[in-house]
Amino acid sequence: MFKLIHIENIKTFYKWRTGIGFLAIGVLLPLMMIGMSLDIGHGPSAMAVRAVKDLSENFFIVGSIFNGFSAAYFVMNSLWVLIPFLIALVAGDQIAGENAAGTFRISLIRPTSRTQIISAKFITTLIYTVLLIFFLGLLSIGIGILLFGRGDFLVPRRGEILVLLEGQTWLRFGLAYLLAIWAMWSVASLAFFLSTLAENSLGPVIGTMAILIASLIISKTPLQIFNKVKPLLFTTYVDGWRKAFQEPIPWHEINSGVLYLAIYILGFFCP
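Under the numbering used here, the sequence shown has 546 at position 50, and the numbering climbs by one with no breaks.
Certain hints may be false.
Taking lysine-lysine pairs in the DSBU-like style, the calculated list, with each CA pair at most 35 angstroms apart, reads [to be verified]:
no., residue 1, residue 2
1, K739, K716
2, K726, K716
3, K726, K739
4, K724, K739
5, K499, K511
Because the hints were derived from the structure by calculation, they are not lab data.
Input sequences plus hints: build the corresponding full structure.
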């Protein structure tokens, strides 16, 4: 099984579309950071202003409240559409891409079982998701600290401000990225499932994004007609990483979200 996973990793990471995700983040993220740096350099940052606008009459702030952690938090909020697309691009190609090329049928004539082959491809998809989120976190925090420095993290929230000490902030971001990986595993699982039903990789990618966007609209629309449906949608829990920056941390809500997403991840996996 480990040899199969190794082979699938080699096959996946040698494909050009696998590198698109890392290339997109590697180009877009530094540009976003540089843009934020220029914005702050020419006056009060719009992001910083929004973070304190509700408390501006009660507090007098000296210096900048925007640092590398603030930049990394902003990036996580901004790339919620791009990251699922990049994951779907690879996950949707795992089975459908080989179906289109005709190599999947050839693989099945070997002594290795169908379940083992599909499981190895699924695990490879999860590994790619972990590496992509890790790359996003490492680059955003690294460049953020390089450009804006370190310090206590001011979490922008409606009507109030939560200040996390630098030591706490590292732990909170670690938890946030772990929750983000778990959430993106559900997206990867959905794309992988659709890949088993399609003859080419374009369908699973488009299908994943269509389901994701439609589910997000239902999850975020404050209408009573959707209240009973929302707890059943995986998109209700994909932004659970934000709970890592609440005080106190709502562990009950986090555990509940992790459990619901686990059901979707296992449900979409069909060896």
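- Going straight from one Cα to the other, do K499 and K511 come out at no more than 35 angstroms? holds (19 angstroms)
- Message: For a C-alpha distance cap of 35 angstroms, please report whether K726 and K716 respect it.
- Response: OK: K726 and K716 at ~9 angstroms, within 35 angstroms.
- Item | Restraint status (C-alpha distance of K724 to K739 at most 35 angstroms) | holds (22 angstroms)
- Query: Within a Cα-Cα threshold of 35 angstroms, do K739 and K716 meet the stated pairing?
  - Reply: With Cα atoms ~16 angstroms apart, K739 and K716 stay inside 35 angstroms; holds.
- Item | Pair hint outcome, K726 versus K739 [Cα-Cα no greater than 35 angstroms] | Given that 35 angstroms is the threshold and the Cα spacing comes to 18 angstroms, the pair holds.
The structure is consistent with each of the numbered hints, conforming to all of them.
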